[in-house]
Each structure stands twice: as structure tokens, then as C-alpha cells.
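Residue numbers (full-length UniProt numbering), protein chains in the order written: chain S, 1 to 403; chain R, 1 to 403; chain A, 1 to 403; chain G, 1 to 403.
It is possible that part of the hints are untrue.
When chains are identical, the list treats them as one kind, so a pair holds in a single copy or across two.
Lysine to aspartate or glutamate pairs mimicking DMTMM-like chemistry, simulated, CA-CA at most 20 angstroms apart [claimed, not checked]:
(1) 10 with 71
(2) 56 with 326
(3) 346 with 306
(4) 58 with 131
(5) 331 with 286
(6) 180 with 206
What the hints contain is simulated information worked out from the structure, not anything from laboratory work. Source: prediction; values computed, not measured.
There are 4 protein chains.
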Amino acid sequence: MAVYFEHSHKVKDLQARLKLFMEEYIYPNEEIYAEQINSHDRFSEIPPIMEELKQKAKEKGLWNLFLPEREFGLGLSNLEYAPLCEIIGRSHIAPEVFNCNAPDTGNMEVLLNYGSTQQQNEWLIPLLNGDIRSCFSMTEPDVASSDAVNISASIVRDGDEYVINGTKWWSTGALDPRCKIAIVMGVSDPAAPRHKQQSMVLVPIDTPGVEVKRSLNVFGYDHAPNGHAEIEFRDVRVPAGNILLGEGRGFEIAQGRLGPGRIHHCMRSIGAAERALELMMTRVRDREAFGGRLIDQGIVQQWIADSRMEIEQARLLTLKAAYMMDTVGNKKAKAEISMIKVIAPKMALNVVDRAIQAFGGAGVSDDFILAASWANLRTIRILDGPDEVHRRTVAREEIKKYK
Amino acid sequence: MAVYFEHSHKVKDLQARLKLFMEEYIYPNEEIYAEQINSHDRFSEIPPIMEELKQKAKEKGLWNLFLPEREFGLGLSNLEYAPLCEIIGRSHIAPEVFNCNAPDTGNMEVLLNYGSTQQQNEWLIPLLNGDIRSCFSMTEPDVASSDAVNISASIVRDGDEYVINGTKWWSTGALDPRCKIAIVMGVSDPAAPRHKQQSMVLVPIDTPGVEVKRSLNVFGYDHAPNGHAEIEFRDVRVPAGNILLGEGRGFEIAQGRLGPGRIHHCMRSIGAAERALELMMTRVRDREAFGGRLIDQGIVQQWIADSRMEIEQARLLTLKAAYMMDTVGNKKAKAEISMIKVIAPKMALNVVDRAIQAFGGAGVSDDFILAASWANLRTIRILDGPDEVHRRTVAREEIKKYK
Amino acid sequence: MAVYFEHSHKVKDLQARLKLFMEEYIYPNEEIYAEQINSHDRFSEIPPIMEELKQKAKEKGLWNLFLPEREFGLGLSNLEYAPLCEIIGRSHIAPEVFNCNAPDTGNMEVLLNYGSTQQQNEWLIPLLNGDIRSCFSMTEPDVASSDAVNISASIVRDGDEYVINGTKWWSTGALDPRCKIAIVMGVSDPAAPRHKQQSMVLVPIDTPGVEVKRSLNVFGYDHAPNGHAEIEFRDVRVPAGNILLGEGRGFEIAQGRLGPGRIHHCMRSIGAAERALELMMTRVRDREAFGGRLIDQGIVQQWIADSRMEIEQARLLTLKAAYMMDTVGNKKAKAEISMIKVIAPKMALNVVDRAIQAFGGAGVSDDFILAASWANLRTIRILDGPDEVHRRTVAREEIKKYK
Amino acid sequence: MAVYFEHSHKVKDLQARLKLFMEEYIYPNEEIYAEQINSHDRFSEIPPIMEELKQKAKEKGLWNLFLPEREFGLGLSNLEYAPLCEIIGRSHIAPEVFNCNAPDTGNMEVLLNYGSTQQQNEWLIPLLNGDIRSCFSMTEPDVASSDAVNISASIVRDGDEYVINGTKWWSTGALDPRCKIAIVMGVSDPAAPRHKQQSMVLVPIDTPGVEVKRSLNVFGYDHAPNGHAEIEFRDVRVPAGNILLGEGRGFEIAQGRLGPGRIHHCMRSIGAAERALELMMTRVRDREAFGGRLIDQGIVQQWIADSRMEIEQARLLTLKAAYMMDTVGNKKAKAEISMIKVIAPKMALNVVDRAIQAFGGAGVSDDFILAASWANLRTIRILDGPDEVHRRTVAREEIKKYK
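Can you build the whole structure from these sequences, using the hints too?
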């Protein structure tokens, strides 16, 4: 047994099936999805094509691929899921089609790993079926949320209930009419040690006191119908049984949630980069300027080579991080997860930016997915820990070797 | 007389007045402008605040600052206008307020330098007064327009008229209800030498056959109410007198138009960078994470230093290019204009990107101007010649020394 | 079987033995080696420590590790050799100790794969034993040798002999008193198709007409006692049997030689980077400035993180390229070989440069290996094809997918 | 009066005369200088050509150009000297020819500004005449000297004498047989406030207890006959009158010395970059590969353009910093001086590195000045404060605006 760079037959088979599905059902429907959203109020209705595609994916057995558990998914390891998630990442409408979209994936993992049977029956099952959607309310507008200790929302026990107060934003998916449940992180004991102060609680979105105040744009995109919401929780009361795992366990859950969440973003980033490179290749092949095809120009070839080199490297490191998560666990794979969290979106931004430049005006427009893809990728450098925090983690893990 | 790095008293006075105006009237009204646009169909009405501010700017004598001619403007040289245009560039609503916005500035220059008296009376005067707006239709969707020879729209003489056919896009401002006139570039003689094939013609936007087909987004922004339009010209007929300068003079006019246009983009980019740095400074001063203020972290200080260094360098080179345009002319300042065209937007993108990172989620949202500013700046690397074409120009000018 | 990121037991065992050898015999003797060279004319004598260490390596079974053939080496695949070569690359004196130094490795491979039995007996056996050394004379001072077609040295058949004329430089090792044989590339038929014009011929270094004219420095380093020579070949006559493989086969042999040669440089570059990072870590741990340890500064932690991330990525891509060479062959691994040829030295230069900066004045001096390492690595971006040629190769392989 | 980008007639005249001198006397003698050094022990004799050229420069009135004082120099301001120093920086032998070489320039300034009449008569006058040379002993091998407070050498008053103990390195010029005097910085009062602890004292190099222990290489270059020395001071006794300015004034003098010293390095860096670009231009014009001249390749043109753009920007910022030093003083020009200290050498390293790449093997050799120039420039990122310290200064000056 030695270092080995081929995927298993199982994975290769899934790759082939996914690619086929993308070509037959996803790419041709991207524009239709956009049209359906634009045909009415962007947030109030779900484009019918989405539910059709979800049904189709279920039929083809391409559903809940992200889930390592055999009971509900295909039981794929992180390493096995990586090349599939990459393919899914090639289209912004694909993750939801395969029920592999953030933040639902992370929320399902939380419910699966930390939820009570009752919590799982009520929220996990419908999420696994794609019947409802969920949001994750952790980030707050008034503090640097990269430091979890800054969180100020409160979760206070009052008799048989918890009372939640605070303002959250970047609660992705909360504007979606199908969104039924929020996982809310807040401070339950400000006097406890740093990482025991926070708890997580399940808050049905229609609970009195929950007010979805507005939609946040990302570089001008509203990402309807899911959207990114600012939510105010004012004296919101939920049964005590809605707490996840118990008081003071919020930070621990967040950490468990973030490992896979982060690497999924990276896998998708690689897919986004591959698609951008593919688009650039066909564009520069088919356009001429100054007496020759763009593809024959030295600078353009440099863009192509640099893109290919950056993608290959990021993909390999993502696979290695996934391999380590599978073999030694998320905790020991900490440095590798942080590394790809820095590398993958930055790499993909580079590739997409070159493609935009190659496309000229068309690149910044919405005629191609490049501009939207750039905006998406740019947020990844911030969410789930900004680059700077992850670089610090990598440095600290290195420093530990020199004590 | 020696190299000298202070602006004249006249310029310093205008700087002071402009800064005051920005603080009193521009910054406080940015949000109001956005609200007014959102309060109705984004393209059909002009936010009243804009016309109020324009009136105010006229009263204060801060009008048509861009215009080197004394008759209509303040008679400022490029070097004198540079530090003022930079200030204007700090806000996306400011250029129009001072009647210094693209593409109207470029169009006014074209009419002033190349227009007949009749053309000037009909279109230049109302433009100078800010009564109407205009667009510039040069770029085409189906070809690499960075090479002017690729242009395919046709302008054919037929009796006393010219007949225009073709599709243009990125005609900025064409969606604005105040837009009355388009300057259209097309091929009048495909058999002529490379740079004598094109002509420019004035086309009133309400001429039969002119169809504004759609609005193009820039990274999700529609830039209402001006917008960027795709326009189809189908058998559009205008009087022969609408031609500018004469048949085959299109390329020559385009070149004359582009020099100042390009440097204005750069001046504004510097202002955008300064504003982003300013926003970042206050943000990192006021936020804490991991036990200290962000402003005290080494990485953040590196961002600050790099931003300051890049801004200073870009500003100086912009000033030098302006100085050369004033003293030896746009043609001899060719290399310098191309240099800043590459440098200024790239520098500003760097600065804004760092600010976005410092702001976290708020940075990619529309709560601050950073995301919108980034999107704007990104287009400058493409419009009026992409980076690659300008780098080639710089290289060629250098190579000439070694023949 | 799936992607797998662990080395085999065999490799892990060799890694452990090599590491031990490095710690016991190599690192402690680096300084002694330098002293012995400086104690007399730098090129006329071989430091005795080198021959002692070679003997020791042979005894330990750590000899000719690079050789995939079982008869003479350990029969390691490229993938197996990679992590070992990396360790060897940590010290500039190590490659020769293990008989794994360029250009002898490449020359041994050429003789093994393309040499006649007689050629092998005469030159290969003593090279494998480390008794003699060799040089490779391909690059010429007067042309851009990155394009093999530019080569101008001539190899002309005259009766039973070949007559060689031309000037070569960067013939590494030719100044070493143990160097006995040169493999010379030259044009044998200028009228043949592009890649059939060249031949390779074995030229004993003491053949009349061979003049080693001078030693070339690399950033001030003479690399004694091996050195980099400029050699003039004036009417040099060798028996016809000294030709390798036959007339017109030179380009083919060069290509076969270069695959492994290139990747070995990359493997060693990774080792050099790891050593530099290690040096930097201990330095910044042990130095203080401005009230704290350097290791606690944000910028220094960024250097650490970026270095670790770049090393990890380059190593993985090197392993993948090696894996492909082993499984699909050097030809199909063309793009991957070119990728790491660009990436590995650039990465290592980054890491070493950061270490130099962390060391301050000590970093540019010869008190540590950093400056010498930087100079070595810088040449790799040029030798065996400059970055630009390899980027072009990567681009072309990508372009092939879009025909 | 407005921003103005032309040098005065006086400066233009000096530029012309300097350029002529460079072409007639400097460039043609670079190789002769190297040969003369190599013809005997590198540190024991001065190449005769140097003294000849110094004489010639004196005759032509191109002597002590760096000195702002009229009595001994031409009374040039920093802004006037900048374009001249740039020209001098084009050759590594030129600074000494014009008596404008570090560290003598800085030492002369110290003696002029802070020296007593007796100190001036004894050391300044012969330095101004180019009769002797000097060194500056501040940096120490065992501490991070970027933080002046780390300095550990001691200067202790004992009766009418000061006793100096400590080890210094990077005392440039100390190995030169003409070097007669060292300015030594050390701690005179460890109990004083941070910046009052240090003093500077004049130590004749032949004082008992001064031991020049060894020469330090810079990337393999020994920089003979000046060299960079490690010096041990063991119970070295000098008359009390040898102190500069008084006890506890060392930091103050160091600061005063560093302003001009830093900017001179930057001016020379720009000259080094211009020369490298010039060399690259002629090389790529005259070499062919893959069917065309290198100068016609897109990548090479990108190198040319980027080099030109970076040089122009760095030059302008250097001029502005010089202008500020002249008009508002070194203290208020603090940020600008730090900016160019970071920018100029980094820029020049980029340009030289591209040129090296364009030259291939010749680039890293000593056949051209590129490799030596690179090594020189690399040290500038470390000496007189490493990049990181200067970036911090820039950041802090910016932060002051936001208190």
C-alpha cells in the first residue's frame, strides 16, 4: 500500500453518474431557474424547476451524498465525497438539487450527531427529505464574529423554556419560504470558561419574537429565494427540550459542525474553478483580436497554465485534508482543514478573475456565471473563519512542533 | 524650477471647497439616493435628490470641473483636475452631481472638439447644463472589442442620410430616462485602411430602429437609473449632418476621447481607494477580536501600510501622466496613460479587497460602499482597453527605444 | 483501492534510515566539508570527508536510491523515491553522498537506458560505484538553449570517428578532478527534421581538443569542487562507437533524460524548503524584538502559515507527478512534470526568502545555508527548461482538450 | 506654482555630465576593476583603477555629490541628488568613484552634523577627500538589531577614556586597507530611558583590542576589497573626546543618520533597476527561440511593461520623499521614507529577477551584473530596518490620523 492517486470504482461510478446528471439536467436549467425567479417576487415563491430537479436526483440515487452515515445517505467518506462535491460545485443551483447545500448540510449533521430522537424526528427527517429548509444563526452584526467569544446573543433558561434575545445576520436560507427552523447560537452562561459560555438551541422560524428583518446582498446579488437574512430575536421562547446537547455545549457543536462545512466549501470552490477555466478555454479559443486567436497569446496561455497548476494543487490538498479527516479525525486534521480553507477560495477567485478578464464586459455581466461565482467565492474567504484566523491556526499547529 | 509636489493655491482652494461639499451634501445623501431609487421602478424615475444636488453644485461653482475649456468650465488642466476628480471619485453619486460622470464627460469633449456648431447647440449645451444625458455605443457583444478593427456595426451613406445597423452593449447611461443622444461608432468603409474604416455618428435615442433591449448587470448591480444597455440599431436613419468630423474619422475621435476618459477613471479609482482605506481604518480601530483591537494586529497593519504605499505610488503616477498630457500632449503621454490605466484600478481593487476582508460579512453586503466599489473598479480593468492591451502599449513604447 | 496518502512500509523504513543518517553524518559535516574545501585550492582536491561519507552510505545500503532498476539500485519507483530524495535535498552535500547528485544521476540513466554494453562497462559501472564523475554538455552560451533547435555545436562523422566542435557552458561537474566523461549534444544533420538533427556522444574529458575554459559562478558561489564549466570542444575526435543510440537520436535521449531529472530537482527543492522553514522556526522562536518573541508576531505567523501551505501543495503535486510517471509514463505525465518544474522551485524560493528575512543579516551570509540554498533554487527556474517553457507546455496540454 | 515633474537646469546639467562619465569611465572599467581585484589577494590591495577614477571624478567636479552642505559638496538638496544618485546606482563601482558610497556617506554626515571641530579635522576631512575609509558598527550577531534597544555592546566611561566591549558585524568597509575609523554604537547607560541608553564613539580601527575577525559573504560575494566585517571590541580604550555629541545621544544620531542613508539606497536601487531593464531589453531583442525574437513574446512584453511601471512609481515616490525631507524635514517625512525603503529594493529585485530569467544561465553567472545586483538589493530589504519595521512605521503614521 502506498500513496495512490486514483479514486475507487464506487467513486468513479458516482462521478460518471453525477457528470451525466449535470449535463442533462443542471446546466440546461440554470437559465430557466433564473427566469422562474425573475417571473415573480424573488423571495416568495420557489422556482418549480428546483423541486422537479430534486425529485429527479432522488430517483437517480444522487441524494444526500454529503452524509457519511449509511442510514440516510450513501455512507461516503469525506475523501469519497470530495470529487463528487466538486462536480456539484460547478453550478450554483446544483447543491440544493442534490440536498447538499449549506447551511442545511451542516444543520443536518448537527442534528444527526447531537440531536435528540425527538429533535431528529421533527427536523432532521424533513430536512433529509428536502421538504423543509433551515438556517444557522451564529454571526452577529455588531461584533467581530470570527472570535466566538464575542457573541452577545443570550439564551437564558426560564422555567421550562429558553428565552433568546439578540440580533443575527448572514442567516443564509432564512428568507426562503420553505425555511422552518433556525439553529441559534448564544451565550447561556457569561461566567463560564471561554468555550463553555455558549449554547445552541433550535428555534422554529415562526416562533413569536423571531423577526426576519431584511435580506443582505452579496455584491449586489440577493441569492433569492434562499437569501441571507438579518434576524432579530426578541424574547423568543422555546421549550427547554430544544437545546442541543445541553447548556454550554455550543462551541463544541460549532467546532464539530465547521470541519465538514469548511471542506465542502473548498470542494465546491474547486468545481467552480474548473467550470470557470472551461468557460475561459472555449471563449479564448473562439475569439480573435490583433490578428490571432486569444488562445495563442502568451499571456492567455500563462493564465491557462497558472489556473491549471493552482487547481491541481488545491484539489490534492483538499483530498489530503479529507483523507485525514477520515483517518485521524477532524481534530488532528485541523491544520489541513485550515490550509484548504485559505487556499481553495483564493485559488478559485484567481481562476474566475482571469476568466472574467478573458471575457471582457461579458465577464462582469450576468450572461455567464463568472461574476456570480466570483461573488460567492469571495464570501468564502470570510465565512466559517476569515483567512487570517485560519492562517493563524496553521501557524500555531506548526509552532507546536517547536516547543 | 524643479520637481515640485504641491498643488497650486487655486487647486487647494477647490479641493477644500469640494471636500466641504462632499461632507455636507454627498456622503449624507448616499443612502437617501439609494432609498429613492428603491422606492419605485429603478429605471423609470430619477431620484429627486440628484437634481437637488446638481443644482447645489452649480450654485457653488463646482460644475463641469473636468472641462479644460474656460468657456464652459473652470479651465482646469488635467493636472489641476486630478486631485479634484479624486475627491469626486470617493462617492458613486458624486460624479453626476458635479456633471463629471462618464460617459457624458467623454461625449461632451467629443462634441466640443469635433462637433459642428449645430451639433454643439443641439447636444453639447444641454449636456453641459446637465439637462440631458448621453451614451457611447462602441463595444459589441460578439467580438473582442479591445481591437477596434473587430467592430462590425455599419454606418452606410444613403442619400442625405446615414443608415446604422448593428448591436452594441455596455452603452452606459442609455437606460436613463434623461438619455437623449448616443454617439455610435461603426464601419463606414470596410475597404479603407485599418484605422480609416470607422466613423462616429450622433443618433438621437428616440430614432426609429433604436431598441434598448436590456440592462446589463455588473456583479449583480444594475446601476439604475443610468444602467448599462444592450442596444440594437436596425436600419436606423439619421441626417448626414449627424456624422462627427467626417467619414473615416471614428478611430481618430475614439483615440482623442479615450486619453482623458482613461485618466479620469484612474483619478476616481484613487478616491475610491482612499475612501475604502478610511472606512477600514475606522472599522479596525473600533472592533476587537482575540483579546485586542484589530488595528493593533500585525496583519492589519500590513494591510494599512501596503494600502497607503500603493495609493501614494498610483497617485503620483497619475499626476505625472496628467502633467505630461498637459505639457507634451496625449500622444506623447501614451505610455504613462496606459501605465496608470493598468495600475490605478488594480491598486484600488487591492485596497478595497483588504477593506472588505477587514469588514467581514458587512464588507460584501450593501451596508457599506465597499462591495459596490469593488464591482465598479473591476470593470475599469476591462473598459477603455483591458490591462493586457495597455501593458502591450507600455512594452511597445519601451521597445521603441531599442530599435 | 482509493486515493491514499500514506507511504509504504518500505518507504517509511527508508525515510527513517535516511533521516537518521542525515542527523548523524550529514548535518554535522556540512561545515567540515566547507572547511576542507577552503583549506586548499577549491577545485583541485576533493574534501576527504566526502569520500568517507560515501563509503558510510554504501555500507548502510543508502546508495543509488534514485535508480529504478533493481540490478544496481533499490528498484524504487519515482513515487517511492520522492520522499527520500526530498530528505536528501535538505543538505547540499547529501546528494553526492548517496550518489544521487545531478548530473551524474541523469547521465547514469542515459547510459543505463541507451548505452551499449561496452559504454556501460566503461562509464556506467564506475559512475554507479561513485568512482568517477561526469558532466552533461548541452547548453550553449550564444543561443537561447531552451529551444533545443538552437543548438549549434556540431558532431560530424569522419571515417571511424566523430568530430566535435562547439562551445558549451553550465557543464556542471566538469571542473571536478574526478570527472572523466562528458555527454555532449550537438547537431549531426542540420538538414534532418527539427528533432532528428541532434546526436549525443560520449567524450572522455581528457580527449585532445577538450578545453575546460573557466568556472561559472552562481550568485557568487563557485560550487567547488564540482563547479559549472564552460568547455570548448575544438576538433575533438572520438571513436564512432561513442555515439549514444545512433545519429539523430539526441533529442529523444534528452527528453528521456529530462523527465526524472526535472522531478528530482523538485523533490530536492521541497527538502530545501522544509529545512529553511525549520531554520526559520527555531530562529523566530529564539529571538526577541519590540517586546516579544518574533514567533508571536502576526507577520511572522503569516510567513509560517504560507510556507507550510505552499510546501504541502507542492509536495502533493510532486507525488502525483511521480505517481503518473510510474503508472502512465513520462510522456503522459508531461503536463504534471512541467507543473511541478514551475511550482517547486518557486515555492522553495518563497520559503527560503522568508527565512532569510527572518534571519536578517545572518540570512544573506554563509553562516546558514539559506543564501546558498536560495542561489541553488534560483537556477532551477532556468535549467532543464525555464518556467516560461514549462508553463507553455501546461497550457498546450490543456488546450488539446478543447480542439 | 503647481506639481511639477521636470528637474531644474542645474540637475539636468549634472545628469548629463554624470551619464557621460558613466559611459566613458565607469561601464568600460567594471570588468577591469574585477580583474584587478582577482589578480592578487582580494582584500589586501586596492585596484589601481579605482583611485584613477576617483581622481578623474574630482577633476570633473563630480565629487561628494551627496553632501547637502555647500562648503564641501555641491550643496544639492535631496531632491536634486536623487536623479544623480540613481545614475550612480547603475554600477557597483560608481558610488566609491564619486565618494558617494555607504557607509562613508552616512559617516561623513554624522561627523559634519554632530562631530566636534577636532573630530572633523581628524576624520571628516580625509573622508571628504577620499583618502581614508570608515565603517559603521551598530548591528550585532546575537540579537535582532532591528530593535535598537536590543544592542548589547557597552561603552563605559573610565576616567578620561571610554572602554568599549562587544561584537559587531556587517561593519561594511572594515576589511578595506584604507579603512581607518569606526563609528561604534553601544550602551552607555542601561538604566536610562529606552532611547537614551546608547552612545556613539569614534574608534580608530588600529586601536588595541579591535579585532576584525572575518569577512561575511553576501550570497557568496565577498565584496572585496571593502567587505563586510565581524569585529570584536575587547576592552578597547579611546579618549573621552571621541564620543559623538555626548553620552546617551546614540539613538538620536542613528536616526539622523538613517534618513538620508535609507533614501540613498532607494535612489541607487532605481538605477540598478533601470540598468537591469536596459540589459534585458537588449538581450531579448537579440535572442530568438521557438521561431521568433524573445522581445515579441507576450510574456516578455509583460515583463517589460511591469518593470517600467514599477520603476516609474518607485522613482516618483522616492522623489516625493526627497522633496518632503527637503521641505518639512526628515521627521515629518518619516512615513514617506519608510515607504520607499520598502518599495524601492523590492521593485528593483523584481526587475532584476525578470532580467535574470530573460538571460537564462548567463543571468545567474557573473558574466553580467544581474546576479551581483540581485544579491546587493536583497540586503537592502534587511539593512537600516527590515521591511517589516518600515511597514509598521507607515501603518503607525496612518493610524495617528484616526486617534
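Right, here's what the structure says about each hint:
Proximity of residue 10 to residue 71 under the C-alpha cut-off of 20 angstroms is restricted to the intra-copy arrangement: shortest distance 18 angstroms within a copy versus 39 angstroms between copies. With identical chains, the CA atoms of residue 56 and residue 326 are never at most 20 angstroms apart, being 30 angstroms at best within one copy and 41 angstroms at best between copies. Proximity of residue 346 and residue 306 under a CA criterion of 20 angstroms is satisfied in both settings, with 13 angstroms inside one chain copy and 13 angstroms between copies. When the C-alpha separation of residue 58 and residue 131 is checked against a cutoff of 20 angstroms, the pair qualifies only within one copy, where the shortest distance is 12 angstroms, while the shortest distance between copies is 59 angstroms.
In this assembly of identical chains, residue 331 and residue 286 lie within 20 angstroms of each other by CA distance neither inside one copy nor across copies; the values are 48 angstroms within and 28 angstroms between. Within a single copy, residue 180 and residue 206 get their C-alpha atoms as close as 7 angstroms, which meets the 20 angstroms cut-off; across copies the closest is 50 angstroms, which misses it.
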